[in-house]
Amino acid sequence: MLALSRILARRLYHPSALEHQLAHSFAPLTYGPGSTQFKVLEHALNKHVPSYGFNERALVASLNDLDLGPSLLSVIGASNSPSFLNASPAVLELIKFHLVTKRYALTKELDPARTSSPAEPPALETLFHRRLELNKPIAPHLTQLLSSLSIPGEFLVQTALPELHRLSDDMVYFSKEPDANDFAWYSKRIALSCAFVSSELFMAQDRSANYADTFEFAAEKLHNVSKLGQYYNNTEEYMWYTLLMSVNLAKSQLTRS
Amino acid sequence: MLRKSVSRPASRGFSVLKSLKTTESPKSTQNAKPNDRFKPLSDAQVAYLDRVVRVDQAGELGANYIYAGQYFVLASKYPHLKPVLHHMWEQEIHHHNTFNEMQLKRRVRPSLITPLWKLGAFIMGSGTALISPEAAMACTEAVETVIGGHYNDQLRCLNNQYELERNDGTKGHSQELSSLIATIKQFRDDELEHLDTAIEYDSHKAVPYILLTEGIKNVCRVAIWTAERV
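Protein chains in written order, with UniProt numbering: chain A, 1 to 257; chain B, 1 to 230.
Source of the hints: derived by calculation from the structure; they are not laboratory data.
Among the hints, erroneous ones may be present.
Stated by the list, open to error - In silico DSSO-like cross-links for lysine-lysine, where the CA-CA straight-line distance does not exceed 30 Å:
{"#": "1", "chain 1": "A", "residue 1": "Lys39", "chain 2": "B", "residue 2": "Lys39"}
{"#": "2", "chain 1": "B", "residue 1": "Lys105", "chain 2": "A", "residue 2": "Lys176"}
{"#": "3", "chain 1": "A", "residue 1": "Lys102", "chain 2": "A", "residue 2": "Lys221"}
{"#": "4", "chain 1": "A", "residue 1": "Lys251", "chain 2": "B", "residue 2": "Lys185"}
{"#": "5", "chain 1": "A", "residue 1": "Lys221", "chain 2": "A", "residue 2": "Lys136"}
{"#": "6", "chain 1": "B", "residue 1": "Lys105", "chain 2": "A", "residue 2": "Lys102"}
{"#": "7", "chain 1": "A", "residue 1": "Lys102", "chain 2": "B", "residue 2": "Lys39"}
{"#": "8", "chain 1": "B", "residue 1": "Lys118", "chain 2": "B", "residue 2": "Lys217"}
{"#": "9", "chain 1": "B", "residue 1": "Lys105", "chain 2": "B", "residue 2": "Lys185"}
{"#": "10", "chain 1": "B", "residue 1": "Lys105", "chain 2": "A", "residue 2": "Lys221"}
{"#": "11", "chain 1": "A", "residue 1": "Lys221", "chain 2": "A", "residue 2": "Lys108"}
Said to hold, decoys possible - So, partial list: chain B residues that the calculated Cβ filter (under 10 Å) puts toward chain A:
{"#": "12", "residue": "Tyr71"}
{"#": "13", "residue": "Ser111"}
{"#": "14", "residue": "Thr114"}
{"#": "15", "residue": "Arg188"}
{"#": "16", "residue": "Asp189"}
Said to hold, decoys possible - Just a few of them, taken from the derived set where beta-carbon distance is under 8 Å, the chain B residues facing chain A:
{"#": "17", "residue": "Val46"}
{"#": "18", "residue": "Val53"}
{"#": "19", "residue": "Pro110"}
{"#": "20", "residue": "Leu112"}
{"#": "21", "residue": "Gly169"}
{"#": "22", "residue": "Lys171"}
{"#": "23", "residue": "Gly172"}
{"#": "24", "residue": "Gln175"}
{"#": "25", "residue": "Asp196"}
{"#": "26", "residue": "Thr197"}
{"#": "27", "residue": "Ile199"}
{"#": "28", "residue": "Asp202"}
{"#": "29", "residue": "Lys205"}
{"#": "30", "residue": "Tyr209"}
A virtual CB, placed ideally from N, CA and C, is assigned to each residue, including glycine.
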């Protein structure tokens, strides 16, 4: 409940980026591609995380590669408060960095604010598939990643859940998927988030060649979500039809007698 | 937006889900030069805009359903009120669609308790209409008074607090903001016109007049407070 209210209290208004500058180009990260933090984290994510996983060893290896002192480890994690369960703040920052940059990478060619010739909006399934593709290099360490993301605590409320919501919001906004103006806005995003998390969980256990099973699973999951949405819409439309018809029938009977 | 509102058919079917079937047209992509761009909005400014869009969308949804309820009860019994109600209802539908589009474009979340607003507004509209046509007009009067005042508060804040600075040092409103302000101004005038119409059609002759109008005004204030936040 507390988590929900925190997420609801977060602002979501997006001013037109063609007219207004953004405070941070990779919000909610407060540093840009030019900064040391960004360079270290990007290097670690691309070079060392695939072999070491999300831990301090990957970060230290990157710091050594870039000729930076190991004391920078505490600088990198400065924006996270220490976790009770012994996860280093720097590792949490690495996880946050992974989530945020992968989300931005997904919509790089679609966002008119970041490219001069945005591509045609793809189908929702394509974006979903593409986001899972981006997980491939780190797939052996997904179990570890997902467990750090789901530990109850500040990180879950402040980063993991909002980031999941932003991902599904981006996927709906930048795809052809028609959006809703009422409660369906919420159900659509929640259903999409659930489908994404379960696909990631599946991917963590997947041993098939090139994760073929995962993509099959994800496609089916997404298909189920849209089918469920259609069932609901059809039921609602039929109920409206029946309601209005019975009212009109009653009216006509009343005028006859 | 204008094109869309013109091409919309004049009559509505029973489907409440038609909006799901229309796909949004691709966004315009004229790129402003970097120097013409405005410095970033502050967090507080963004948070206020978020509230404005959400509460206005919820409010217009409510207005739309209030008129739907009134029209549902009164249209066949009092034929002389039918064109009046129909005209006001059409305007509210246009307002509602405008804010729906803005909500999607600016990626604001709609109010969480939208189903409650729909139900409550319909009950309020049809309930007052069941008492008498004068009571329905008193309901319109009360609602439009509160909405008009609320729009004025928003305009005051948008005009005072959103003087933005461009990168080359000049100041002004961005197009996005001036169009929002123009929209709200237009809608406020429409709502106040509805208020005049309601008084013209004997809203003051409603029987528990003070009770009705003051009660409904309070309900509206509580609804506005809630829709801004939840």
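Hints not upheld, ascending by number
4, 12, 15, 16, 21, 22, 23, 25, 26, 27, 28, 29 and 30
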